[in-house]
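**Student:** Chain residues, written in single-letter form:
There are 4 protein chains.
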Amino acid sequence: MIIVMQERSPQKQIQTVMENVKALGYQPHLIQGQLRTVVAVVGDEREKPRIQALENLPGVEKIVPILEPYKLASKEVKKEKSVVNADGVKIGGDVLVVMAGPCSVESEKQIIGIAEEVKKAGAQILRGGAFKPRTSPYSFQGLEKEGLVLLAKARKITGLKIITEVISPTDVPLVEEYADLLQIGARNMQNFALLKEVGKCRKPILLKRGMSGTIKELLMSAEYILSQGNSQVILCERGIRTFEDYTRNTLDLSAVPVIREHSHLPVIVDPSHGVGKWNLVPPLCKAAVAVGADGLLIEVHADPAMAYSDGAQSLKPKKFAVLMEELRKYAALEGKKM
Amino acid sequence: MIIVMQERSPQKQIQTVMENVKALGYQPHLIQGQLRTVVAVVGDEREKPRIQALENLPGVEKIVPILEPYKLASKEVKKEKSVVNADGVKIGGDVLVVMAGPCSVESEKQIIGIAEEVKKAGAQILRGGAFKPRTSPYSFQGLEKEGLVLLAKARKITGLKIITEVISPTDVPLVEEYADLLQIGARNMQNFALLKEVGKCRKPILLKRGMSGTIKELLMSAEYILSQGNSQVILCERGIRTFEDYTRNTLDLSAVPVIREHSHLPVIVDPSHGVGKWNLVPPLCKAAVAVGADGLLIEVHADPAMAYSDGAQSLKPKKFAVLMEELRKYAALEGKKM
Amino acid sequence: MIIVMQERSPQKQIQTVMENVKALGYQPHLIQGQLRTVVAVVGDEREKPRIQALENLPGVEKIVPILEPYKLASKEVKKEKSVVNADGVKIGGDVLVVMAGPCSVESEKQIIGIAEEVKKAGAQILRGGAFKPRTSPYSFQGLEKEGLVLLAKARKITGLKIITEVISPTDVPLVEEYADLLQIGARNMQNFALLKEVGKCRKPILLKRGMSGTIKELLMSAEYILSQGNSQVILCERGIRTFEDYTRNTLDLSAVPVIREHSHLPVIVDPSHGVGKWNLVPPLCKAAVAVGADGLLIEVHADPAMAYSDGAQSLKPKKFAVLMEELRKYAALEGKKM
Amino acid sequence: MIIVMQERSPQKQIQTVMENVKALGYQPHLIQGQLRTVVAVVGDEREKPRIQALENLPGVEKIVPILEPYKLASKEVKKEKSVVNADGVKIGGDVLVVMAGPCSVESEKQIIGIAEEVKKAGAQILRGGAFKPRTSPYSFQGLEKEGLVLLAKARKITGLKIITEVISPTDVPLVEEYADLLQIGARNMQNFALLKEVGKCRKPILLKRGMSGTIKELLMSAEYILSQGNSQVILCERGIRTFEDYTRNTLDLSAVPVIREHSHLPVIVDPSHGVGKWNLVPPLCKAAVAVGADGLLIEVHADPAMAYSDGAQSLKPKKFAVLMEELRKYAALEGKKM
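Residue numbers (numbering that gives the first Met the number 0), protein chains in the order written: chain A, 0 to 337; chain P, 0 to 337; chain D, 0 to 337; chain X, 0 to 337.
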């Protein structure tokens, strides 16, 4: 951490800062520049986060952190890439994993129909929401437990693994019982009570980036899960909120190589939520593969115009199958199977 | 809702759209323009949110909603301003209510000391975090139940009402037992499981705007609480996330008159989180009063440089007292007492 | 355009709105909903932009535009994709065009050295700034005319076409004399005096999206150039400003298919400015090709650590050559040559 | 500047960094931490901006600047607040200066009518656009020279000073001839050719913050003007672009105290563009005064529904007069006359 003093701050103020730094257990180094005095603080700041509050001391202009605040999620702790194992399906290895299915589980017929279609097209994991976080209390909130049962049925029939969202700490045991992977949605990226709870799960967690979540915060939220003992975390870029309104969100594909640079965790991309319009999904899936994603999360619905939620961004099974064919070639260029 | 057809969309596609609109229970009106055909859909869209999915029908260019999606939070349902009653302290009436205190409850001495100071300066409500949502799992997470007990003690001694944050649905009964108002933090604005839970409380809820929450989404989140039966909701502007980095967030003071225009709910402002630097807090408090806020949430700490959290944005009690004196004059101009 | 009236607006207000609409030369259609009255306005709004001001009439809640505001840039006017011809190099056709070179022209040796390297690697166009828009007045502002002369020399030696930025209307004739394509930088996307001036040029214009420019505004800025008679416009996505700070900007790759949907103009991507770090450039170049871009703008410098500007985001020639080899495979999948 | 080395970077890399720092004329200080080696660079970085490019050297993780990049605009160079003198009207002193008038000059009758009204209500400066930067090439572009002549006529009749926008370097001499203050609009905040040109003027310049301009960049743009010799610069907050869409922009009132902290230049607020709706303008004017602004820029039009531009955000003269009465009380609390 670097403490920058105000211009011409008197010797006494600098002294007080040095003493406070020592009192917090760090080693201060004084550097007198032409215009500014700077105190470089040596020591691992991550377990003593109170140093930022020294900004309040007289004469301090600002405090600049040096180290990234995450540890277990960082490459410092683990250099080689992590591979997450979802009951045999490996994410982060040499296979590009596609998770596909409807936004919401609506009925047995619907979910099993789609499961069979996406399986045939080459998906390995079935997505489908049973507990739905909806902006409006008047919107369909999901079939809840019944939805989980239907997902399990689809798994039994097709052999696909299943991923579904959990939105409350109290539902974690129930969802863990049924799902192969638990999803934390964008709105819950900083729902720390929920993160702690899934950190105690034995199942892999797919953690979505929040709409206003920085990559650093996403990694800090992964750190919550990891620090509770669950090392099976997959990160997911799904678009951030900007001023652009032709698309639902702005899909930040640079997040993939940035995360790769800082973390060993696998990272996948959800273009369906990222752009919000089905016809934009295929080009962005290809781009996500080309930028190095370990997998994709794609919404597929047999009758999007009648979907209970997110119909506008869902592909029909036929279009999904065509897309999968195309993606194989892009995956091959990245040295990945599908 | 307005369905805009693509240029030169054939009659058959228009027909299909009209039929689908009827099938969903709405009345379609066809308007043929020079360049575009438009289908105006009459009916209350709020309880049948699936119409957006018609975007998937062939020939549809886009769908433009007309009505605001919230109801109970809107002025259509209730024209006159709501006044929330927190065990005798009224928010939304002719008194500007100041809620002040430390970010975290740290110890009995700390919280009671600050409580006495802010009471003397004129605050009516004591704030203090017992359950802390922290970006890092290694940061101080709050004293939890012990913090609640200390807050209750401070209430007993000073007569101040107390407000504290709840971050998990399972903690709601415990927090409700101790607090006079429950706070939903910015990161939980769309934690719908938590919103539903506090919707069943008998205590008033302070709902903070999320960092990337639109005003419309804030009102929809209020709608969650209201629709569960709790009509005592106060909204809180606390800064949104933008590209500007001199301040921690960008405090959106225009949110106050915008909310006033669309909703009957009281709205307060939290400049401490909005700007993140104590020296910017006083001018923004004055501006918040001038723009019409019903109250303020201000962080106060006796020794900010040693605070467990958010020290950089906390005012010392002496500075807070000076600020309160100033604010009285601004409140008076707005016809409010303090 | 749709004029939404406030709830229960009296007949007289609706009447006044209808009359004002007619006075402006449009045809109003009245639709009475359960909760709202809506006036649909038929007619081409693009040449009579004052209708928005009717929001000021009593009883009007809001006005929602239906048509896109651009015309010449839209697919309504021209269905087939445009191909821009830069003295023989075609952008928007079946060749993926790479424009590469240093941020700034620094010296004869520098620019000719890089030109030869990028030519050998397969670039068709040499980029290099002679007039530099720099955030600081104390930063290197470019070699100006001397830079143009050096670029022309590099063209003569290598056969590459040259693109360079113009930042002032008064410099347009000079830059047009030397360059094969003129670039309008992100900061000048809405410098309308400059747009009008380059609209009178006979050379193609590369128009970059502003840091806070919506896609709609980018197309409106293209409309400025097109409406002055210059039909040779190429659009360029180069990253928008968001809260994320690991990258210099957030590269919005979804802009490529969105522009494709709405406009016939070619669109290229500049990942160097988009991300600002050289090691992130290669994956984002691949993604840009996969998402359907017609070309790429890539910064290359022989000694980035000593570059006068933007060194941090420049590739060395050797890395650029390796990237070009990789890109050929991605271009081939898109049916494009390189 | 602080150069942070990657973890476990070898001694040789550190050595190379030290040498490069010296070669650029700075003094390096080596600090070996537990986890990271850091090189603190002492010296004024503002005139040698190339140090950032050292990020390209092997082993460098990132470079963190310490000093603000502006000088003449900073309080380091000039501690006391600057007062700008616009032909006798002083901005930045103990008078709150109101600049009011229509978005565009439309006709003699219109501009003189409004001038008389705003004068009567207490405004000191008349605003009115003669050269209009419009998003659409089909929108009214201003009366140009005729508009300037009409403004001068209004000045003669009312005694008000006049401010008007200049959008092209070539128009600067003409606009300077007529106007008392020249305005640089938000879209031109980083039009450096224009900034240099007005830096040579003898008249005060009102510099608006760009829609995506940081406060730091705004000060850097002021630095352009100041460094050309024109010390009469007024800054103007007018809203930044965010995801919120109830308002046209998000008015960042915290910019006022932030600028006050870092710069000696006067700063005013333009709530009309900030929020874009006339009914929100009065509360935000009051807030702008309360937060410490030196003045206000307010759009006033006699018949907003018929205005050529920005009608939706214009106040009618009667409402403006009422607002001025109210503002006097808020100005008084800030120790300012009106």
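Among these hints, one or two may not hold up.
From the structure, some residues in chain P lie toward chain D, with a derived Cβ separation under 10 Å [unchecked claim]: (1) Val3; (2) Glu6; (3) Leu71; (4) Lys74; (5) Asp86.
Keep in mind that the hints were calculated from the coordinates and are not lab data. For each residue, glycine too, the CB sits at the ideal point set by N, CA and C.
**Student:** It remains to establish, for every hint, whether it holds in the given structure.
**Tutor:** Structure-based check of all given hints:
no.: 1; hint: Val3; result: 5 Å, holds
no.: 2; hint: Glu6; result: 6 Å, holds
no.: 3; hint: Leu71; result: 15 Å, violated
no.: 4; hint: Lys74; result: 9 Å, holds
no.: 5; hint: Asp86; result: 35 Å, violated
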